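Protein chains: 2
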Amino acid sequence: MKQNNQVGSTKSVPMKANEISSDGSFKRQTNRFITPFGNNSNELPVEANRYRLLWTAACPWAHRTVIVRKILGLDNVISLGTASPLRPKTTQVDWEFSLDEGGVDPILGIQYMSEIYQKTDSEYKGRPTVPVMVDLKAQQVANNDYFRLTNYFETEWKPFHKENAPNLYPKDLCGEIDALNDVIFHDINNGVYKCGFALSQEVYEEAFDRLFARLDELEERLSTQRFLFGDYITDSDVRLYSTLVRFDVAYYTAFHTNRNLIKEFPNLGGYVRDLYQTPGFGDTTDFDAIKQHYHVSITIFVDKEDVKILPKGPDLSGWNAPHHRETLSNSKEKFLIDN
Amino acid sequence: MKQNNQVGSTKSVPMKANEISSDGSFKRQTNRFITPFGNNSNELPVEANRYRLLWTAACPWAHRTVIVRKILGLDNVISLGTASPLRPKTTQVDWEFSLDEGGVDPILGIQYMSEIYQKTDSEYKGRPTVPVMVDLKAQQVANNDYFRLTNYFETEWKPFHKENAPNLYPKDLCGEIDALNDVIFHDINNGVYKCGFALSQEVYEEAFDRLFARLDELEERLSTQRFLFGDYITDSDVRLYSTLVRFDVAYYTAFHTNRNLIKEFPNLGGYVRDLYQTPGFGDTTDFDAIKQHYHVSITIFVDKEDVKILPKGPDLSGWNAPHHRETLSNSKEKFLIDN
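Protein chains in written order, with my numbering: chain A, 1 to 339; chain B, 1 to 339.
Just chain A, same shape as in the assembly (with noise of 0.2 Å):
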């Protein structure tokens, strides 16, 4: 894949280059944005119709924070601007607004989503990512913290979250909630884009086994309880469905994340579609957006043509298991011998 021509921009675009390391493994950008919410004259406020959330419905890390935000009625007081899931052509890393009327978000009056980040800092090199709340009142980029975004919703925002909202973020279970998104986050959130990033295969193979072998654990923990935490879905649900529920339309192929699907795997498989099936997820899952980013329009290192991966999958242990047929058969010999 040649780098485009940056037709239409003269701003130098950062390539990801500099998020791979000499191993050419993938190492994530880290976020510039990250004063939280809160009530302290250092932190965000907490405010209705304050903030506009920006994401693309290919993303998982947006898509989570739009899942809570359904979920706790925040969608009532923090308004969403949507951008395409394909890149634009003149950069591989920019998003842009072109589901919208005149290509522009209709609040923001912006092309593409590095522009917010421009104007709040015009230094500002790096990545410009979803998901992003923006203060439409100094219209400047407030927070693009994707890793704490759905705890601010789950807590800071609780004065704006609809009668009976759930909780999903349960003082007692903190601490262990906190634990597993960070396993969740680096094996399996991250695990995907660091398997379909690897520039070496052994960088490749360390990420998919590491990969499989979380999610192997997780199918035995979902074996004897409905969700992560039990009889009630978590912030960890949200997380982990956001990887899963782009598992076998985009990762498996894209990301030679292939040695099984996730409707393999019996656990698994039922509780994405039964999180699926659930208001916030289901409804907000966008199949389309999610296979056209992967596919057609997915970020790609400038030299990444020059490096060839073997995927490790699929399972080929199934090859000799037992399989039945000769049930069908008159004959005990698959074969016809003439006399």
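A portion of the hints provided could be inaccurate.
Same chains, same names: a pair is fine if it fits in one copy or spans any two.
Stated by the list, open to error - Computed list of lysine-lysine pairs in DSS-like fashion (alpha-carbon distance at most 27 Å, straight line):
id : residue 1 : residue 2
1  : Lys-70    : Lys-334
2  : Lys-162   : Lys-332
3  : Lys-137   : Lys-162
4  : Lys-119   : Lys-312
5  : Lys-312   : Lys-332
6  : Lys-27    : Lys-332
7  : Lys-89    : Lys-312
8  : Lys-70    : Lys-332
9  : Lys-312   : Lys-162
10 : Lys-125   : Lys-27
11 : Lys-334   : Lys-119
12 : Lys-332   : Lys-308
13 : Lys-89    : Lys-308
14 : Lys-70    : Lys-137
15 : Lys-162   : Lys-70
16 : Lys-158   : Lys-171
17 : Lys-158   : Lys-137
18 : Lys-158   : Lys-332
19 : Lys-334   : Lys-171
20 : Lys-334   : Lys-158
21 : Lys-89    : Lys-119
22 : Lys-162   : Lys-334
23 : Lys-70    : Lys-171
Quick caveat, the hints were computed from the structure, so don't treat them as lab data.
Small disclaimer: the values here were computed from a predicted structure and weren't measured.
With chain A fixed as given, assemble chain B onto it according to the hints.
The following block gives chain B in isolation, referenced to the frame of chain A:
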């Protein structure tokens, strides 16, 4: 994928570009060496130890000849030369004997498949394909007719079949076998290539739909009988096997044939495992070679880098199916509601 420089070769190497129609569809080249085996003076004489069959374990067209050769015991009278599944770095269409000591076929003394084609016809412009039967006496290509070669083995080569060799092509079924082979060829054997090599979304989707419509039909056919023609394995089963056994490890991902894995089909899945567990099938199937070829070293069209195909699969019909996960829960609610 850029075309590699033809290091170490001064010959012009024909690319597949001439096998692409104006609508972006793949039209496989016709065979050049199609003189039949037989007893007439204008036919190729059937003689023990006169021919060497050249193949690579990656290639489905070659694989089927190797399966039939083994089932019929012709491995005693036709020797086998094995090229690497990886295309040589110097060209994208040749095959190389790099698995052999010294990098040359021990009998023919050639490094590249193209050498025997050039020795036979210095004007030969097609791809140097496998399978190919080489006449060791003339040191020339005798026959590269991948479509009919198994039939010659089954009929003309009968004098050299092992004792109690099975009949894969019974006279009373020849007409039906030929008719089904034709369907299997166009929609399945070559159908996966039509998907993988399509240069337009429309052409890809048409091939995808035909492929899975045919697989659905065969899934139904195999629900009441063990093999395609009942209780016994025939030539048609060999042809279907060579594509099915490559499907989940190669085509599903590399050729975008991802509506379903073959192991998701109850009957086709059991059927292909039944064949795999039959001498001649599984013991000639080299999954490593297949994976290496299709994922790392497949011949790519010169201009394929400009074409993005959106995979039509996977099948999303299961997302709203019952999951029965609620039986694991003590609560009727999925969410914890604080009061």
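Verification of the supplied hints:
no.: 1; hint: Lys-70 - Lys-334; in the structure: between (58 Å within a copy, 15 Å between copies)
no.: 2; hint: Lys-162 - Lys-332; in the structure: between (67 Å within a copy, 21 Å between copies)
no.: 3; hint: Lys-137 - Lys-162; in the structure: within (24 Å within a copy, 86 Å between copies)
no.: 4; hint: Lys-119 - Lys-312; in the structure: neither (44 Å within a copy, 39 Å between copies)
no.: 5; hint: Lys-312 - Lys-332; in the structure: neither (37 Å within a copy, 41 Å between copies)
no.: 6; hint: Lys-27 - Lys-332; in the structure: neither (58 Å within a copy, 42 Å between copies)
no.: 7; hint: Lys-89 - Lys-312; in the structure: between (32 Å within a copy, 23 Å between copies)
no.: 8; hint: Lys-70 - Lys-332; in the structure: between (60 Å within a copy, 21 Å between copies)
no.: 9; hint: Lys-312 - Lys-162; in the structure: neither (46 Å within a copy, 39 Å between copies)
no.: 10; hint: Lys-125 - Lys-27; in the structure: within (16 Å within a copy, 48 Å between copies)
no.: 11; hint: Lys-334 - Lys-119; in the structure: neither (73 Å within a copy, 42 Å between copies)
no.: 12; hint: Lys-332 - Lys-308; in the structure: neither (46 Å within a copy, 49 Å between copies)
no.: 13; hint: Lys-89 - Lys-308; in the structure: both (25 Å within a copy, 13 Å between copies)
no.: 14; hint: Lys-70 - Lys-137; in the structure: within (23 Å within a copy, 77 Å between copies)
no.: 15; hint: Lys-162 - Lys-70; in the structure: within (10 Å within a copy, 71 Å between copies)
no.: 16; hint: Lys-158 - Lys-171; in the structure: within (13 Å within a copy, 79 Å between copies)
no.: 17; hint: Lys-158 - Lys-137; in the structure: within (21 Å within a copy, 87 Å between copies)
no.: 18; hint: Lys-158 - Lys-332; in the structure: between (70 Å within a copy, 24 Å between copies)
no.: 19; hint: Lys-334 - Lys-171; in the structure: between (64 Å within a copy, 18 Å between copies)
no.: 20; hint: Lys-334 - Lys-158; in the structure: between (68 Å within a copy, 20 Å between copies)
no.: 21; hint: Lys-89 - Lys-119; in the structure: within (22 Å within a copy, 49 Å between copies)
no.: 22; hint: Lys-162 - Lys-334; in the structure: between (66 Å within a copy, 17 Å between copies)
no.: 23; hint: Lys-70 - Lys-171; in the structure: within (21 Å within a copy, 67 Å between copies)
Hint compliance for this structure: hints 4, 5, 6, 9, 11 and 12 are not met, and every other hint is.
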